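So the protein sequences, as listed, match chains E and F. Position one of the first sequence corresponds to residue 1 (the UniProt record's numbering), numbered consecutively onward. Position one of the second sequence corresponds to residue 1 (the UniProt record's numbering), numbered consecutively onward.
Mixed in with the good hints, there may be bad ones.
What the hints assert, rightly or not - Below, simulated EDC-like cross-link-like pairs (lysine to aspartate or glutamate); rule was C-alpha separation at most 16 Å, straight line:
id	chain 1	residue 1	chain 2	residue 2
1	F	K286	E	E113
2	F	K224	E	E280
3	F	K286	F	E272
4	F	K53	F	E220
5	F	K308	F	D245
6	F	K99	F	E79
7	E	K198	E	E280
8	F	K74	F	E269
9	F	K182	F	E138
10	F	K223	E	E280
11	F	K289	E	E280
12	F	K74	F	D95
Stated by the list, open to error - Just so you have them, the derived chain F footprint on chain E, three or more residues with Cβ under 8 Å:
id	region
13	239-245
14	266-279
For the record, the hints were derived by calculation from the structure and aren't laboratory data. Note that the structure is predicted; figures quoted are calculated from it, not measured. Note that the Cβ used here is the ideal one computed from N, Cα and C, for glycine as well.
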Amino acid sequence: MPADSLTVADGSPDAHLQAVRHLIARHKTLDWLFGLLGVAALMFAMLVFAMLFGQMLVNGFPHLSWDFFTSFPSRRAASAGILSAWVGTILVMLVTAVVAVPLGVGAGIYLEEYAPKNLLTDIIEINVTNLAGVPSIIYGLLALALFVYQFGLGQSIAAAGLTLALLILPVVIVATREAIRTIPQQIREGAYACGATKWQVVAHHIVPYSLPGIMTGVIIGLARAIGETAPIITIGALTFIAFLPPSPFGNPGHLISFDWLTAPFTVMPIQMFNWISRPEAAFQANAAAAGLVLVVMTLSMNAIAIWIRYHFRKRIKW
Amino acid sequence: MNQMLPKAAVLAMTLLAALSFAASASAAPAVVKIDGSSTVFPITEAVAEEFQKAKRGAVNVTVGISGTGGGFKKFCRGETDVANASRPILKKEMDDCAKAGIRYYEMPIAYDALTVMVNPQNAFIKSMSVAELKKIWEPGAQGKINSWKDVNPAWPDQKIKLYGAGSDSGTFDYFTEAIVGKAKSSRGDYTASEDDNVLVQGISGDKGALGYFGFAYYIENQKKLKAVAIDGGKGPVAPTPENVDNGSYQPLSRPIFIYVSEKSLEKPEVKEFVEFYMKSAAPLVKEVKYIPLPAKAYTGNLEHLAKKKLGTVFGGQNEVGLTIEQLMKREAQL
């Protein structure tokens, strides 16, 4: 701001200084107010989470015991546990990861490294991005028609795992692409200059370097899938299961058995949902305890993702 | 790390292939599959729990909740062995089953008392007649009946807040049929929830509230709610197990059922489960706060099984105001 334009207002330089000071003070106040607003917004979000978590802790923590993890659900709140639920959740997550990771990473690599830039690729890209925003119940309906009936998988761990794999596929694809994009172009050019084929560039450089980013994406995707209830209910996960799927090991004749894939199952969110809707108040505490376990599962998965990113990034030196 | 990568890819591919193979080739252990009404769920769950304990894990029982209608859909496709039902099988469901060649045994297992409740601070309501309830709940009441005074001039001019079952539940079907006279015919401006705990919270927190749901939820929340005696024409009758037993709590007493597929009964584990169900039902029904049938009802169910008396005694229609005695007589005619 030119000095003389301000002096015109009053004439005296003193008053001019006063005006500038006033202006700065006003802007500083606004600055401070905005900062306060930001902190308030943050505190609001944190407080709501802290309250929910605190309430769950108070109600649920006294219920957490070894027995709670090793008991099947029961009509008696005191002896009811989450054994079938957490085993079901882990097995479903296993199927989800085994399916979603190769498909998602493969698709991501193709789109970044191989796909020609044309209309088809653009359409695929838009679709992948949009898929990430589709409500999860839609995946449930699709899976009900496709996996449960068309493929005849029934209400099984395999069907649930495939459903959740579809759900997190866009997340994995997007994470893979983001991770690949952070690799400097010089790395590729250097490798090509040494005579590497495209496959060698991808296998020896692109994938290893983008691995931390990919793994972070996968774990965040799985952390989302672990809490999903709607698609699992849609494909017909069961409410009362007081047995475990057949063990993958120790069956006669087979080294590893895959019978557990077709077994009926239940998962943590469904067990919680069932307990919440019970008339007896004691089951509400059970639900809180199960919720606590679920939140801890999710948070620790996120923590692992952060650790992997930090740990692997440190090792990569370009 | 670079060398490992192709190996990891190969491993993933192999797992994927194994996965798709495993899905087609299954040798599952003996499983009894049950699905259906959430009202019947606590009873079947209790029986399933005890049965699995008694069998020491030799037989697995799964119980799902997809509503009476949803349960029949799966049952008539042959996906489940037993259907939990809070009302008799309807004509359309009978047709579906017939088309798929599914024949079934109908087994009443307990009674439920639909309970009408008000806030405990409500001092002026002790009993209500069916006509008064109809005046409140019929579709025409929407927008017209807003305060208790609109129902009965003797009651104060206090805003009436309504809570009831969601329109997908068997409870809604039964209540509307028993009170309004036509299934699914109800005013729409009330708080509807499939989760009865939401209704408990609502009624206990609202002085002018009125709502209805199954007896078990009332018993567990007696301190927060006040049950209304129902006058079905012969004076007010409170919802108690005794009054359901002697047939006086009408028209809101209702029988609940399981339906067992004839084909599934060829499997020894299903037959054993159903026999166990009938033998152990009475104390378990009581434990989960429903009203057990007389012992002869359960033996009667097993007799039907032995004499191959298939089908339903309701002819594809829901029926209100059936007492336990009348139900027994009717089942005996099969």
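Hint-by-hint comparison with the structure:
For the hint linking K286(F) to E113(E), the alpha-carbon distance of about 66 Å lies beyond 16 Å, and the restraint is violated. For a cut-off of 16 Å, the pair hint linking K224(F) to E280(E) stands: about 13 Å separates their Cα positions. Taking the CA atoms of K286(F) and E272(F), the gap is about 22 Å. The hint is violated against a cut of 16 Å. Distance check on the hinted pair: K53(F) and E220(F) sit about 26 Å apart at the alpha-carbon level, beyond 16 Å; violated.
Under the criterion of a C-alpha separation no larger than 16 Å, the hint pairing K308(F) with D245(F) is inconsistent with the structure, at around 28 Å. Taken as a hint, the K99(F) and E79(F) pair is honoured in the structure, with Cα atoms around 14 Å apart against an allowance of 16 Å. A distance of roughly 63 Å separates the Cα atoms of K198(E) and E280(E); the hinted pair therefore is violated under the 16 Å criterion. Of the supplied pair hints, the one linking K74(F) and E269(F) is violated, its CA atoms being roughly 19 Å apart against a limit of 16 Å.
Annotation: proposed proximity of K182(F) to E138(F) holds, straight-line Cα distance about 9 Å (limit 16 Å). Our distance criterion of 16 Å between C-alpha atoms is met by K223(F) and E280(E), whose separation comes to about 13 Å. Restraint check for K289(F) and E280(E): satisfied, since their Cα atoms lie roughly 11 Å apart, inside the 16 Å limit. The suggested pairing of K74(F) with D95(F) holds, with an alpha-carbon distance near 14 Å, which does not exceed 16 Å.
Note: the region 239-245 of chain E has 5 residues with beta-carbon separation from chain F under 8 Å; the three-residue rule is met and the coverage holds. Only when three residues or more bring their CB closer than 8 Å to a CB of chain F does the claim for the region 266-279 of chain E stand; here the count is 5, and the claim holds.
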